[in-house]
Each structure stands twice: as structure tokens, then as C-alpha cells.
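Asks: Put chain B with the ligands on the given structure of chain A with help from the hints.
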Amino acid sequence: MTEPPRIVNLSPRLSRRALLTGSGALVLGMHLPLLGAGEAEAAIGTNSLVPVNAWLKVSATGVSVVSPASEMGQGVFTALAQLVAEELEIDWTSVRAEMAPFDPVYANPILGGMRSGGATSIRAWFLPMRKAGATARQMLKAAAAQVWRVSPDSLVLTTGLISHPPSGREASYGALAQVASRQKVPVEPPLRDSGRWTLIGRSLPRLDSPDKVTGRAIFGMDVRLPGQLYAAIRHCPVYGGAPARLDDSALKTSGGGYPAGVTAVVTLKDAVAVVAENWWLARSALARVAVAWAEGANAGQTSAAIDAALVRALDPKDPRAVAIAVNRGDADRAIAGAAMTVEAVYRQPFLAHAALEPINATASVTASDCELWLPTQDQGQYPRLIADALGLRPEKVRVNTTYVGGGFGRRFEADVGLQAALLSKAVGKPVQLIWTREEDIRHDYYRPASISRVALGVDVLGRLTGWRHRVAGPSILGRVNPGAIRDGVDKTAVQGIADQPYPVPALHVDFVRAETGIPVGFWRSVGHGANGFVVESMIDEAAAKLGRDPWRFRRGVLADKAPRALRVLDLAAEKSDWTTPLPAITGARRGRGIALHEAYGSVIAVVLEVSVFHDGRLVLDRAVAAFDCGQMVNPDIVSGQVAGGLLFGLSAALTGKITFERGRAMQSNFQDCRALTMAEAPPVEVHLVSSDEPPGGVSEAGVPPAAPALTNAIFAATGKRLRALPVLDFDLRDG
Amino acid sequence: MVSLTVNGKTVSVETSGDTPLLWVLRQHFKLQGTKFGCGIGQCGACTVLVNGAVVRACSVTIAAVDGATVQTIEGFDNGGDAIAERVKAAWIAEQVPQCGYCVPGMILSTVALLRKIPNPTDTEIDGAITNLCRCGTYDRIRKAIHRAAAGGAAP
Ligand code: FES
Ligand code: FES
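Those protein sequence lines, which keep their order, are chains A and B.
Per the numbering used here, the first sequence starts with residue 1, numbered consecutively.
Per the numbering used here, the second sequence starts with residue 1001, numbered consecutively.
These are calculated hints, taken from the structure and not from any lab test.
Do not take every clue at face value.
To be verified - Which bits of chain B does chain A cover? Going by a derived footprint, with three or more residues having C-beta under 8 Å, they are:
#, stretch
1, 1042 to 1050
2, 1053 to 1067
3, 1099 to 1108
4, 1111 to 1120
5, 1139 to 1153
What the hints assert, rightly or not - Pairs of lysine-lysine, BS3-like flavour, derived with a Cα cap of 27 Å:
#, chain 1, residue 1, chain 2, residue 2
6, B, Lys1009, A, Lys575
7, A, Lys720, A, Lys575
8, A, Lys269, A, Lys317
9, B, Lys1009, B, Lys1030
10, B, Lys1030, A, Lys429
11, A, Lys575, A, Lys561
Every residue gets a Cβ at the ideal spot worked out from N, C-alpha and C, and that includes glycine.
Looking at chain A on its own, in the form it has when it is part of the complex (with noise of 0.2 Å):
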């Protein structure tokens, strides 16, 4: 059957990404009048889920608690699930966890607004998450007080029940819940002391591990919808270009119309679309479509041109393009009368995100709501800029959070989530948006390339004198949020130089944005990744220059200033066998890299072995982390996460880099933008510093370190310094 085509023009009247704030607060969900003792009886006897608050449901078999933050991998649901059960009387194998839909009660504290991100979640939820299971405990036991006409102070809360001995009366929290949830929310709940802890601290199992092992977990690309069609995407090849022409006649049938089962080809700002009753057939009908693009202002861009430009913006004409972030002390006078200095430039490339899950949502628009299934970092922003392309009202518009098959920083974009909404509102049906490997690698919000130069001196003792550092390159903030730059400097470009773990006296740290017309975004770690690569590469020059052992010379900058970053930088020397030479290997240069980094209240050191053999070829033998993060809620799943974001920043150094000619991005799937196979990751220790400082990040802690502890290790093994990524784009045979 042929269908009449249906070409689609579509301009959202939303240009610019919108940011939803949330409170920030801690909001119970339902405030509802208390019921009077005979309707609290009635309401006795419920089995099903239900919510005491918005945190928290109970039945007669378990509890669920609910995220508001979404399950990346980190193992936030869990880890969340912990700090509720924790002041629960419950059993741990009762316990589950969903996502919270889209509510602005669920803002994320640190961040504002429904998202997960920055490494934040359980520094931003550890307190309120814990109230939450302790209002909840109140409100259960207030329930059973009001129902059995008795005291609080009578009841016995165990493993979901609650009894009151003198009678022998005793019901599950889920006959109370409904009752519980109309008492009186308490105000300042007491929470258990942290020597009584009996979950917060334990290596529990992960409660997402049995969907995902039978491959029951419902990531974005699995939601299945009544009369759900599936679209495919093709964008402009240059960022900022949109299509111009386009012509189906490839496409249409004898009959003038398209093939059974393609609804309709539709042009998006910068793209276009083909949607159809199965994603191969959409992707399949969007190959006959020819597109001829306006390709815009970036179209001659190529990466030689983007390092010229770079470079220059080191030494800007005009001085007021140099943004000063940090100036304490005379660094300048500082380094000039240091006893040796060092000076270097460094260089980053542009990165992609790669997540394994590509690109896609699920969207059903009616003439009145509209409705998102989608694996998202970024609830929070899409009611408005939903709302504002559609003409609909934000309360109109809901946010569900699927399993996320990766974020890593490239999910807060809300690109997809609009276009699938578009798409749904064009064909009136249901649709679900996949983009192919290439348009996720070619059309990515990229790690910022980015130039550094820096010098420091260090005093007879061996102790920082000054430090001066500035970087040039895109600004992230410029394009998401441009009110969060403060006199011209982009926090997150030089995030890691002044925080740095080494005392110095004097520091000048300045930024100069240089546009590139290629679009950065966060990216694991964000600018901790770039500058703790610059910052540890300094060090080690200076530690070479000395002649000076790489981690004895740490140890002698950090002095007694820095005792956490001590205690991790000395347990990796200790565990990594620093001290004993490394058994040599016929064919094979050898060598240890150190490098430690501090962020988001956590510090780390990896110490990484490698082998380069004359050949050039490069072993990764072992690396070994030690990390402190505070006070930790599920051990196992820090380890793990220090591990893979270990891994991650080891694949972006050995081999990643997205370079651009003609405007378009070279890359374009896992054969050129390559990431570490099992065969060659090395083996990963991690070990864990218990410590009482407060929770600190975990998710991005791994990624800073990787970088500079793989060149230090090239540098020990080879006398080669390299001061770009990636790794591979050096020659490491000898001589």
C-alpha cells in the first residue's frame, strides 16, 4: 500500500537550552488533613505500592525507594536505597528502588533542577535522603499510634513491621502506609548516629544488577509504545547548518507516494528526519532521501585551523580577552626567583562521549500534553523547552527516566528529547528517536579542545614557589549557560589548577575563551579531566628536571600541607611496589607513571606500569589507585566506579580525539573513536581510604589522574615527554 508522502516543516520557536530551577528543598509529596481514627482504620490492609512520600512507597512485602537521580551505571540507585533503608527498620532483600518521574521536588541541591551529574549525588542527597527514611519511620509509627489508639514511644519498629507489645498488635508498614502518609510530616526527624549504621558503609549488591544480567532493564531505546513508530536522523554535517533542499523522489514509489510503512520525511532546524513503522525501514528510507544542506559559518573549519587559532589566543591582541581567575600572590616574581622553573605548553584535543546506549527518546505529543520516555542526565530542563516548542503548558509536559546505557556528561543535552517530541507532533503518533553510532560521534557536545601554558618555579627545598597558568579554548558555560560566567571566566576551564592538592604561594590562573564553532559540552569530569593531566604533567617535569624520584618529589611539594592527599599518593607508591624496579621484559622500555588529582571533595593517585617496546607498540601492565571520597555509603560500588572512570580517561588518552575538516567531524563510530578493549585495559586495583571526612564525588574521580599517570609512565619508560593527547598520535619507537 502506498501512502500520500508527508513532508513536515517544523521550526521550534526555541532556540536557546532552557534551565528549570528547582527549589533545592526538601519537599514531601503528600500534606493531605489527618484522618480521623475510624478512617484510618478503613484504610488498613492496602498491598500494593504505597507512597508515604515522595521518597518512598511501602507494601505489605517491601519497600521501593525513589531516585532522583537517574541510574547511569554509577549505582546511584542503590547507594540512595541504602541512605532510606538506613533509618527504616527494614530488611535489606525487602528493599527495591524506581526512578522518581519528573517533579521538581526531586531538584538535585547541588546542582538545582532534576538532573544527575558533576559527581554530586550522594554529596547532594546523603542528608536528605536519610530524612526522607527517617520522616517516613515517624509517620509509619504516628500511623499505627493514631490507628491503635496508644503511644508512640509504644511501638516496635522490625524488619517492616511495627508492633506494640502490650497488646500484641502488629501490622506491616504497608497496611500503614496510607494512614502514615496523611500524619504530620516531622520537621527534624532524629537520625541514627553513624556508629548504629548497619547499611551506609556496606558493600551491598547493586539492585539493578538482576534486570541488566537477563537483559530485563528497560533502557531508552526499549520503551514500546501503543502504535509507536521509530524514526531515524540525519543532521546538517556541520554544526549550525540546517537543510536547504531536500529531495524524496529516490525515495517515493511508482505511485508517487512512499514505501509501506514510511510515515513521513520531516525537516527539523538541522536535520531531517524519516519516520516509519520500524527503525531499519525509517533508517533505510532516510538513505533515499538527498539533503542539500546550508552548511553555515563553520563549514571551512578544520582542526590545523582550530590549533592555529588556539595558539594564538595564548598571546590575544586585546588583554581584556584574558579572563583572570585566580591571582594570589606576584607569581610572576615568584617563579623569576625561583631556584628552577619549568615552562610548557600543552595541548587537548576535541573528545566525544561515546556512551555505549546511542542517542535516542521516546515521545508521545497529543494536541494538549506531551509525554518523554528517555535515558536522560536532565529531567529538569525539558517541560519548559518542551512546552515553549510546542506551545503547550510545562505542567503538561512528563519526564520518564529509563535506565541510562551510559551518560557521562553527554545526556544533559536536550537536543533529542525536543526532536523526538517534534517528530511525535508531526505524525500524531507515538515515536521513538535512535541516532546511528556516526550521528552520535559527528554531532557530539565535545570535551572542549583546549591550550595550556605553564610555568612554575620551586624553591631549594623542593617546594612550589609560583605557578602561572593559562588556558585557551572554548567555553562550555558559554553555550549552555552563559550567565553562570563570571568577568569572563568559565569556571569549569579551569577547574583543577587552582584546587590542585600542592600548596602555592602565589598563582595566577586566567582563561581566554576562543570559539571554535565546534559545540563543547560536559564530559566526565569536565575541566578537572584536562587540567589534571596539565597540572600532573608539570609536576613530573619539575620532579624530572630535579632528577628527583616522581612520588618522593610529590610528597616533598605537598609537605604536611595536603595529609589526605599524602596518605592516597603514599598508599599507591606502597601497593603499586613503587620502590622495587619493575622486572625488566626482553624488547620493552619500562616504566611507572605517578599522578595525583583532588575534586569534588575526594582525592585520588594512580600509579600506572607500562611497557613501550622498541617497536613502538605500548602495554599497559597494571595501574593501581588508592582513593579517598569520605565517608562512603556501598564501597564495592566505589571501587568500581574509580576503576571504570580510570579506564575512561585511559581510552580518551591512549586514543581519543575527534578532529574536523571541511567543518565535519572525521570520526564517526568505535573504529576511528576507539575505546580500550578488555585485552587492552590493564588490570585495575583500587584501594580504599575509610575515612570520616563528609561524602565526597566518586563517579568522575577516576577519569583526572588516568591521563598524566599513562605520559609519566611513557616518560619513565622512554625519556619522551608528551605534551598532547591522544598517545597514539606519538611515534614511541626508540630513538
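Replies: Relative to chain A, chain B with the ligands alone:
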């Protein structure tokens, strides 16, 4: 029309013969444990077993598997495959999954490996498991494979 046996059931599908097996599994048969990651045979998220051999379902057409026997992660749901049961249990015991998107493909690749080599060395594991894990869970995958090979005991 193409007929094949999927997870023990004979099924047939009417679709263009060049449709990759992956999309037929996911869309026509609603077997969504088989994942799309790259579409070019690089990542292994779509790994299934065809006549017992490891195949990237994104890179084989439905026409090419006419009459074949296909096994997906859902095929292990009934608990009848002793090796698959050990592998899944080992994945949980070692707490392998992070985002979990690579997991079904990894488990299929591992089951095929253990059927062929019941007690693989690290080198044999490296050769057989070419699936990508962007979350970097390789160490735990290796431990889980050794654990499954040892009948469930910690390696
Ligand atoms: S989707 Fe088939 S190998 Fe990646
Ligand atoms: S667990 Fe995320 S890709 Fe493997």
C-alpha cells in the same frame, strides 16, 4: 518470508531480506535484551548465538539466518542452560554491571567461550571477549568469567 528458531521456538517474519537480524529481534520479536550499540560489528552489544556461534546481530541480515537457530539473552530465562546460569550468577557475584548496556552481549560471548573452553586463560578471554564496555568493567568481567568457569567459586 524467513523462518528461524529463536530461543527454541520456530518463528517467521515477513520483512525485507537485508534487515539486520538485530532489528528483527528487537522489533518483530520484541527480544529487546539484544542491544544496538554501533551497527557495524564493533561493539558487541548486539551479540547473539547463531547455530551456537558468536554473531554480531547488527551485521548479519535476516536472509542470511533463514533456517538457523538463534539464541538471545532471553533464551536463558528458563534456567535450563547450566553454563548461562553460572555466567549470570557470576556477573552478579562479581557485581559486574554498571550501566549494564554491554551486559547481555558480554554474557552471550562468555557462554560461547565457556562452551568451547571450559576453563579459559586470560589470553583466551582476551581473544574471545572483544565486546566493548564503555563503563570499564573489564576487570570484573574477567573475574566473573573465571568464577563461572570454576563453577561459581570465587576465582
Ligand atoms: S551493535 Fe552490533 S556490534 Fe555494535
Ligand atoms: S556496563 Fe556500561 S557499557 Fe558495560
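Asks: Checking each numbered hint in turn, tell me which of them this model violates, lowest number first.
Replies: 2, 4, 6, 8
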